[in-house]
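Starting from the known structure of chain W, fit chain G onto it as the hints suggest.
Quick mapping for you: the protein sequence lines, in order, are chains W and G. When the letters of the first sequence are read in order and numbered with our numbering, they come out as residues 273 to 729. When the letters of the second sequence are read in order and numbered with our numbering, they come out as residues 273 to 729.
Think of the hints as simulated: they come from the structure by calculation, not from any bench. What you are looking at is a predicted structure, and each value in this text was computed from that prediction instead of being measured.
Copies of the same chain look alike in the list, so a pair counts if it works inside one copy or between any two.
Derived BS3-like pairs (lysine-lysine); straight-line CA-CA distance at most 25 Å:
1) K277 with K528
2) K597 with K303
3) K438 with K702
4) K345 with K277
5) K352 with K683
6) K368 with K402
7) K352 with K528
8) K528 with K281
9) K368 with K401
10) K597 with K727
11) K345 with K368
12) K532 with K368
13) K406 with K368
14) K557 with K303
15) K281 with K291
16) K368 with K352
17) K281 with K352
18) K291 with K277
19) K302 with K314
20) K532 with K675
21) K302 with K597
Number of protein chains: 2
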Amino acid sequence: MKQEKIPYKIYLNESEMPKAWYNLRADMKKKPAPLLNPATHKPMTADELAGVFCEELIKQELDNTTPYFEIPKEIRDFYKMYRPSPLVRAYCLEEKLGTPAKIYYKFEGNNTSGSHKLNSAIAQAYYAKKQGLKGVTTETGAGQWGTALSMACSYFNLDCKVYMVKCSYEQKPFRREVMRTYGASVTPSPSTETEVGKKILAEHPGTTGSLGCAISEAVEKAVTSDGYRYVLGSVLNQVLLHQSVIGLETKAALDKYGIKPDMIIGCAGGGSNLGGLIAPFMGEKLRGEADYRIIAVEPASCPSLTRGVYAYDFCDTGMVCPLAKMYTLGSDFIPSANHAGGLRYHGMSSTLSELYNQGLIEATSVKQTDVFEAAEYFARVEGILPAPESSHAIRVAIDEALKCKEISEEKTIVFGLTGTGYFDMVAYEKFHDGEMSDYIPTDEELAIYRAKLPKID
Amino acid sequence: MKQEKIPYKIYLNESEMPKAWYNLRADMKKKPAPLLNPATHKPMTADELAGVFCEELIKQELDNTTPYFEIPKEIRDFYKMYRPSPLVRAYCLEEKLGTPAKIYYKFEGNNTSGSHKLNSAIAQAYYAKKQGLKGVTTETGAGQWGTALSMACSYFNLDCKVYMVKCSYEQKPFRREVMRTYGASVTPSPSTETEVGKKILAEHPGTTGSLGCAISEAVEKAVTSDGYRYVLGSVLNQVLLHQSVIGLETKAALDKYGIKPDMIIGCAGGGSNLGGLIAPFMGEKLRGEADYRIIAVEPASCPSLTRGVYAYDFCDTGMVCPLAKMYTLGSDFIPSANHAGGLRYHGMSSTLSELYNQGLIEATSVKQTDVFEAAEYFARVEGILPAPESSHAIRVAIDEALKCKEISEEKTIVFGLTGTGYFDMVAYEKFHDGEMSDYIPTDEELAIYRAKLPKID
Chain W
273 MKQEKIPYKI YLNESEMPKA WYNLRADMKK KPAPLLNPAT HKPMTADELA
323 GVFCEELIKQ ELDNTTPYFE IPKEIRDFYK MYRPSPLVRA YCLEEKLGTP
373 AKIYYKFEGN NTSGSHKLNS AIAQAYYAKK QGLKGVTTET GAGQWGTALS
423 MACSYFNLDC KVYMVKCSYE QKPFRREVMR TYGASVTPSP STETEVGKKI
473 LAEHPGTTGS LGCAISEAVE KAVTSDGYRY VLGSVLNQVL LHQSVIGLET
523 KAALDKYGIK PDMIIGCAGG GSNLGGLIAP FMGEKLRGEA DYRIIAVEPA
573 SCPSLTRGVY AYDFCDTGMV CPLAKMYTLG SDFIPSANHA GGLRYHGMSS
623 TLSELYNQGL IEATSVKQTD VFEAAEYFAR VEGILPAPES SHAIRVAIDE
673 ALKCKEISEE KTIVFGLTGT GYFDMVAYEK FHDGEMSDYI PTDEELAIYR
723 AKLPKID
Chain G
273 MKQEKIPYKI YLNESEMPKA WYNLRADMKK KPAPLLNPAT HKPMTADELA
323 GVFCEELIKQ ELDNTTPYFE IPKEIRDFYK MYRPSPLVRA YCLEEKLGTP
373 AKIYYKFEGN NTSGSHKLNS AIAQAYYAKK QGLKGVTTET GAGQWGTALS
423 MACSYFNLDC KVYMVKCSYE QKPFRREVMR TYGASVTPSP STETEVGKKI
473 LAEHPGTTGS LGCAISEAVE KAVTSDGYRY VLGSVLNQVL LHQSVIGLET
523 KAALDKYGIK PDMIIGCAGG GSNLGGLIAP FMGEKLRGEA DYRIIAVEPA
573 SCPSLTRGVY AYDFCDTGMV CPLAKMYTLG SDFIPSANHA GGLRYHGMSS
623 TLSELYNQGL IEATSVKQTD VFEAAEYFAR VEGILPAPES SHAIRVAIDE
673 ALKCKEISEE KTIVFGLTGT GYFDMVAYEK FHDGEMSDYI PTDEELAIYR
723 AKLPKID
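Bound conformation, chain W alone:
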């Protein structure tokens, strides 16, 4: 039987690693909506973005037609330190579930940032260095992105200034310490270092911060500091472009063994992982060459795709960023305590939003305790303790595999295991102690934030 030859872990050779990123937008007939200038409501130009982002990254951000961008050699060399990541055949999980389904997961957690975030961090740091900048600023919630960027900046000897959501800063001192090991400076947000931070602190004394607020501070710091630009770990087109390395490797590994997946599952916060994982598969789908079910999984506590609206909205609380058209819950929406910090964003990548709107992606939401049940099950069976974010995909992959069992169907499931949960043990503890909340926002609550959306013609 052919299947028996498939190893537990499929590793590509170095020579098989992608040499170019794939730009999904090039194959979209209807393109994602452009970023708008919040003052004029006109599409943002490269010039307008130049104060915030690096030049080369702006080109990537605005380019909806070029299908491939060559990965510079310096970045490919860095990738070789932790990539290719394994595509794992979940033999143990299949056996334990007693399912006829074939389950594969692309594991992005085998690097010190603990997630896929490093794929874009190193690219963004490279272009910043190439432009001769002194450093970059960013925000981090759960801490993976901040860690990844710290590593990337350390590699290229760039200054790295991270605004970390205050409650995370206090609850995750170890994440902070990892960033410090890589030489980054980490400031709890909101801080008194920025005007927007001071304003927020004056209006909400004692606030523990939010991602939207940290973004505002990081952007302000970048545009007011000489030789600095702002970088972001998700949502943007450029990030999805860099993250396409995940999907390209996955597809190459599957092709090597003649495997065609039936469905591809990924967690979705801002969309960096899902957008990267599905890229080449969605490309085939858009070109009519193949069909796949593609499933975005989001937390029921922050359901932007499943319960949001498709509209222009602010990307940040301080409203200093361009407006993006996306599925959004409103930029003021703060989800209830949810331990998957990476999925707490009110909006969603414009590209994924447009694909979802066209019906090319399905979306589903899952409750927090169901997610941790799947996480613990997976840890015990497959040996990897997953990040809470990744565990959203695990939950749905398990559910789909069980459906296959029920109807005796031998489907091939691929999901993205974006990272490890080693810095999330407080969440696991809450789960073990039965102290985890499954709060889901009511329709009335969501309506309040929806009413505050900016009015764009």
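The following block gives chain G in isolation, referenced to the frame of chain W:
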């Protein structure tokens, strides 16, 4: 140039993974000294050990002549979930150091236990299950071994009872929580669950525990509970046997590219990693087929090889275990605060001790701040945040590479990177804040403990 073809990471194929463990002792002319019964001072028999250890493991422990033990299929299948581990060519480190040396490291940290400990844990759990036991007991200091054993027991559905040194239990709640995720019960030691624990608590109220004390409790629990045995993560011959998988993979990967190392460097606490890493190389050395420099690196705060004596000593504080002949500082010796918890053991594997005594291994000790300097340097250059234990080997590998630079010699260095430091950020924080101690015991202090060694004819 041949060297250019060597990838950043050498992965063996599944079919190239070792199918048998290599028993170094079979090739030793002078064998390691046997374990002695603490009451009679006669060599321990299999029968005497049967109440403490699993039967199959006792056979492995006492067998000094069989060169290879087949790895059971169930264990090889588990290995496939996280092995083969990569042999990494440290291109970035070489470049940064500007050394002509070629540096390779065998990285054992890509699994949830975070270290090589899983290699033996799964073997010991397998034999316990095969014997029809209900569960196993053990101790853990830094927490890697306890985590590894929890994972292994969860896989085979065995009960796992871990005594964790109290200060670690309190300082490392996340390690504890990982074990809990895998269903293990974790008790801070000394506890009131055992007679020896109660005795120690009565004599030293408020003690924060030690590894030797936790061993005593775990052994007592095993021998007084029906269907339980005790398992240990280092020091013993059986552990070195299982860990030979590290060295066998390393040698196979090097052979694939025709690389012959000049020196092999590993950290040494009880000897599990070093003994495993060097096994096949030492075999060649013992059989006169090749020569290698082999360097054991220990902390200056706990220098059993470099400043201990070669003598019979107790393995634990409660003196319930057999006596082992080894380089030891005395079983009462408690090293000063040292963040490499895995290297705080007073003794050393009998096998490694005998090899060291025969002059086949070199040993060196390094100061804690020097170790963390190397750790941070390595993290920034190679992208992996190393465990404090592993960083002892990094320190010496860097020093040797710099010597090569000085004298323009193109040596090939292989070192063991046993694990990651994600649960050791408190130590990194102390280092960053300049609060790390470099205390080294005085000759007078060491003499006190040496005087207490048992007198064996």
